[in-house]
Amino acid sequence: MRSAGLEPGEDMHLKDEEFVDLADGAAPSEADRRRQEGHLASCAECRQKLAGLRSTLREVAAVDVPEPSPLFWDHFSRRVHDAVGAEARTPVGRAWLPWMFPAAALAALLVFVLLPGAWRSPARTAPSIAVAPPAPPVARETLGDLTDPSLALVGDLSDGAGWEAAHEAGLSPRGSAEHAVTHLNDRELRELQRLLQVELAHASD
Amino acid sequence: MASSIEWPLSTSWRWTERAQVSVATPPAERMTDADAAALAQLSEAALVDACLAGRAGAFDLIVERHRRPIYQLCYRFVGNHEDASDLSQDVFLRAFRGLRSFRGGSSLGTWLYRIGVNVCLNRVGASTTLDRATASVDDHPLTDDRSDSPSDLILRKERAGFVRAAIAQLPRKQRATLILRTYHEMTHQEIADVLGTSVGAVKANFFHALGNLKKLLGDM
Numbered sequence: 001m002r003s004a005g006l007e008p009g010e011d012m013h014l015k016d017e018e019f020v021d022l023a024d025g026a027a028p029s030e031a032d033r034r035r036q037e038g039h040l041a042s043c044a045e046c047r048q049k050l051a052g053l054r055s056t057l058r059e060v061a062a063v064d065v066p067e068p069s070p071l072f073w074d075h076f077s078r079r080v081h082d083a084v085g086a087e088a089r090t091p092v093g094r095a096w097l098p099w100m101f102p103a104a105a106l107a108a109l110l111v112f113v114l115l116p117g118a119w120r121s122p123a124r125t126a127p128s129i130a131v132a133p134p135a136p137p138v139a140r141e142t143l144g145d146l147t148d149p150s151l152a153l154v155g156d157l158s159d160g161a162g163w164e165a166a167h168e169a170g171l172s173p174r175g176s177a178e179h180a181v182t183h184l185n186d187r188e189l190r191e192l193q194r195l196l197q198v199e200l201a202h203a204s205d
Numbered sequence: 001m002a003s004s005i006e007w008p009l010s011t012s013w014r015w016t017e018r019a020q021v022s023v024a025t026p027p028a029e030r031m032t033d034a035d036a037a038a039l040a041q042l043s044e045a046a047l048v049d050a051c052l053a054g055r056a057g058a059f060d061l062i063v064e065r066h067r068r069p070i071y072q073l074c075y076r077f078v079g080n081h082e083d084a085s086d087l088s089q090d091v092f093l094r095a096f097r098g099l100r101s102f103r104g105g106s107s108l109g110t111w112l113y114r115i116g117v118n119v120c121l122n123r124v125g126a127s128t129t130l131d132r133a134t135a136s137v138d139d140h141p142l143t144d145d146r147s148d149s150p151s152d153l154i155l156r157k158e159r160a161g162f163v164r165a166a167i168a169q170l171p172r173k174q175r176a177t178l179i180l181r182t183y184h185e186m187t188h189q190e191i192a193d194v195l196g197t198s199v200g201a202v203k204a205n206f207f208h209a210l211g212n213l214k215k216l217l218g219d220m
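Here the protein sequences line up with chains A and B, keeping their order.
Residue numbering for the first sequence follows our numbering, beginning at 1 and increasing consecutively.
Residue numbering for the second sequence follows our numbering, beginning at 1 and increasing consecutively.
Bear in mind the hints are in silico, worked out from the structure with no lab data behind them.
Accuracy of the hints is not assured; some may be wrong.
Just a few of them, taken from the derived set where beta-carbon distance is under 7 Å, the chain B residues facing chain A [as the list claims (entries may be wrong)]:
| no. | residue |
| --- | --- |
| 1 | Asp-60 |
| 2 | Gln-89 |
| 3 | Leu-121 |
| 4 | Asn-122 |
| 5 | Val-124 |
| 6 | Phe-162 |
Below, in silico cross-link-like pairs of lysine-lysine (DSBU-like), each with a Cα-Cα straight-line distance of 35 Å or less [claimed, not checked]:
| no. | chain 1 | residue 1 | chain 2 | residue 2 |
| --- | --- | --- | --- | --- |
| 7 | B | Lys-157 | A | Lys-49 |
| 8 | A | Lys-15 | B | Lys-173 |
| 9 | B | Lys-215 | A | Lys-49 |
| 10 | A | Lys-49 | B | Lys-173 |
Idealized CB from N, CA, C, for every residue including glycine.
Based on the provided sequences and hints, a complete structural model is requested.
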């Protein structure tokens, strides 16, 4: 409901942005200026708020940065000059150091992803052999009736083989992390490369 | 251990690294007066190009032109000379490292402000500077206060300490907005560019900063 005698919008309190512009001395459009002035003339709350903001702004603006000693600026420039010079004279080998870890990580990960057999080293599997409970051998019975000669051959070869042996042979079960990593399609590989590059870019910042 | 590693770089890589070093080193000592005068005539963009081309003294001139506003910006954040000096040096060091990324889309000053604000916001916690800001009221006897009476001077310094302490308590973006707008007279759009936000957000931050300061100063 608008009060009698007020222009459209004059009965609404001023917005935060309008307070900022008024306290800052920014020139609004003619229509806005008339509306704001009309509202301020009739709204003590907004008048008081604006006066408070202006007063605070004046007090804040009056606080100077103390001027340092005249000797400071030359000293400062010299310090920056020396620091920049020291940075620029970083030895060749050390200049590579920030890149070494991300580059090594990327190389290791690419080898891991692109060469499915590379991560299956004896050193990696040995601890799990020691920790894991003895795995039951793959029972010949689970293959059922081996009437197919090829199935019979597989049965003979796998007879007595445990989960660890299957793991070493690259037969990671579907749904496992290893299976997922070694079965990425082209699109997933590209996405992984993109993510790695993003991470490396962050690391090099 | 790591320092003993010798990387077998190819000749071309070594050459590139050395070339970068020679570009980056600012050998002001070797600069003649004529060189200095010629550099002083350059525009900001040309000065950046000269710096990237390895021209002696170019970066020193950038520092000389912008050191005062950058120092003042840092001082506004931390409220004491020592930290402001260290932060300012850090700003210029980062600027030197990233000079190649300066595209000239904004002025060099605005770009340096952006680095300065990031350095200050990263280094300074929301309330870590309160004690030093308040304690630094008498840090600078070199300020010319001869026109004030002793009692006025004490009151003014005390009040200035309160204001600095109050600013130091503001949330970081409010503090940055207030400092850039009030003391460095940047437009809302320039502040939005520096802080990576919108003009509306800048105005909202400024409004809330003033409101919070009003409350804080009223309590002091």
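How the hints compare with the structure:
Satisfaction of the interface hint for Asp-60 (chain B) is found here, the shortest Cβ-Cβ separation to chain A being roughly 6 Å, below the 7 Å cut-off. The interface hint given for Gln-89 (chain B) is met, as the beta carbon of that residue sits about 5 Å from the closest beta carbon of chain A, less than 7 Å. Because the closest C-beta pair between Leu-121 (chain B) and chain A is about 16 Å apart, greater than 7 Å, the hint is violated. Evaluation of the Asn-122 (chain B) hint against chain A yields a violated restraint, the C-beta minimum of about 12 Å exceeding 7 Å.
For the restraint placing Val-124 (chain B) at the interface with chain A, the shortest Cβ-Cβ distance is roughly 16 Å, beyond the 7 Å limit, so the hint is violated. Taking 7 Å as the C-beta cut-off, the interface hint given for Phe-162 (chain B) is violated, the closest approach to chain A being about 9 Å. Among the hinted pairs, Lys-157 (chain B) with Lys-49 (chain A) is consistent with the structure: their alpha-carbon atoms are about 27 Å apart, no more than 35 Å. The suggested pairing of Lys-15 (chain A) with Lys-173 (chain B) holds, with an alpha-carbon distance near 20 Å, which does not exceed 35 Å.
At roughly 12 Å between alpha-carbon atoms, Lys-215 (chain B) and Lys-49 (chain A) fall within 35 Å of each other, so this suggested pair holds. For a cut-off of 35 Å, the pair hint linking Lys-49 (chain A) to Lys-173 (chain B) stands: about 22 Å separates their Cα positions.
Checked against the numbered hints given earlier, this structure breaks hints 3, 4, 5, 6; the rest are met.
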